[in-house]
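Undergrad: Chain by chain, the residues:
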Amino acid sequence: MDAKLLSIIGAVVAVSIGSIGPALAEGRSVAAAMDAIARQPEAAGTISRTLFVGLAMIETMAIYCLVIALLLLFANPYAA
Amino acid sequence: MQASPLVSTVVFHLGAVPITRPVVTTWGLMAALAAACRVATRRLGSLPGGRQALLEVLVTGMARQIEEVIGRDPRPFLPLLGTLFVFLAAANLSGLVPGVEAPTSRLETPAALALVVFFSVHYFGVRARGWRGYLASFAQPRLVMLPLNVLSEITRTFSLMVRLFGNVMSGEFMVGLVVALAGLFVPIPLMALELLVGLVQAYIFSVLATVFVGAAVGGGGKE
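Chains as they are written, first to last, in my numbering: chain A, 1 to 80; chain B, 81 to 303.
Accuracy of the hints is not assured; some may be wrong.
[Claimed, not checked] In silico lysine to any residue, SDA-like type, Cα no more than 25 Å apart, as pairs:
| id | chain 1 | residue 1 | chain 2 | residue 2 |
| --- | --- | --- | --- | --- |
| 1 | A | Lys4 | A | Ala43 |
| 2 | A | Lys4 | B | Leu187 |
| 3 | A | Lys4 | B | Ser84 |
| 4 | A | Lys4 | B | Ser88 |
| 5 | A | Lys4 | B | Met225 |
| 6 | A | Lys4 | A | Ala14 |
| 7 | A | Lys4 | A | Gly54 |
| 8 | A | Lys4 | B | Leu86 |
| 9 | A | Lys4 | B | Leu257 |
| 10 | A | Lys4 | B | Asp153 |
| 11 | A | Lys4 | B | Leu195 |
| 12 | A | Lys4 | B | Val87 |
Hints in this document: simulated from the structure, not taken from any laboratory. This structure is a prediction, so every number in the text was calculated from the model and none was measured.
Let the sequences and hints guide you as you build the complete structure.
TA: Rendered as structure tokens:
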């Protein structure tokens, strides 16, 4: 296999496996936030702001994988 | 094959400096926002009309959010953080206008904004605590944590940049792919999703900047 094919496979694997963890984590955090809002509706503002910031942090992991995939596809020094 | 999202097209050269397309879009946005602000703040009175009431709701809403996060008077921070939010919302949504490419979907604009946040965090920290106090805060809670604290300053700036770039760029990339594969009107739901993602990312970027500034100035105290 040449480097181009390998880097395409690498990009696919990076995105598909790398998005599993953040997906599970985001599901858990949203479920926990829903639970908290149902228990304490008056704290909904604070909870959702913290939730958004936390989701952004978690999502960054998936975005890192995406950036790695893009680097492999478009800026790969070995497949030029 | 689409064009690489990691390079931007050069529109023209200003002397030896290449001016890329995101920069031109940013200039356009800056001019439009400045003109809109100029028009919107003309003839402000103590009895607000509809336009002024809307503006006041926006500004006081942002000020209240900042105050909730930082825990002190939001007025020194409002110009920077409010402008960040307004500019980012406009920049993210400008990708939906036909023929315009969101400047945040290329790496350099998010990098510049993250650098602005990086330096202003230190500026506000030094101004609130003084040089000694601010530098000493890096050695909290133990001196052992100093390298980790310095490292986290750098990585969080980097992740601020990559998050904004990745979200906006992946949205545009996706719309482009679906147009190429499926046809003209198919990606409209995706573009509606982009509307949401753009606003949420603008919000997250400014909230994170607020959190960083709040951590630098030290919460709540009147010291």
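Undergrad: Next step is simple, just say for each hint if it's right about the structure.
TA: Hint by hint, here is what the structure shows:
| no. | hint | verdict |
| --- | --- | --- |
| 1 | A:Lys4 x A:Ala43 | violated (52 Å) |
| 2 | A:Lys4 x B:Leu187 | holds (24 Å) |
| 3 | A:Lys4 x B:Ser84 | holds (15 Å) |
| 4 | A:Lys4 x B:Ser88 | holds (23 Å) |
| 5 | A:Lys4 x B:Met225 | violated (42 Å) |
| 6 | A:Lys4 x A:Ala14 | holds (15 Å) |
| 7 | A:Lys4 x A:Gly54 | violated (36 Å) |
| 8 | A:Lys4 x B:Leu86 | holds (18 Å) |
| 9 | A:Lys4 x B:Leu257 | holds (21 Å) |
| 10 | A:Lys4 x B:Asp153 | violated (55 Å) |
| 11 | A:Lys4 x B:Leu195 | violated (34 Å) |
| 12 | A:Lys4 x B:Val87 | holds (19 Å) |
Violated hints for the displayed structure, listed by number in ascending order: 1, 5, 7, 10 and 11.
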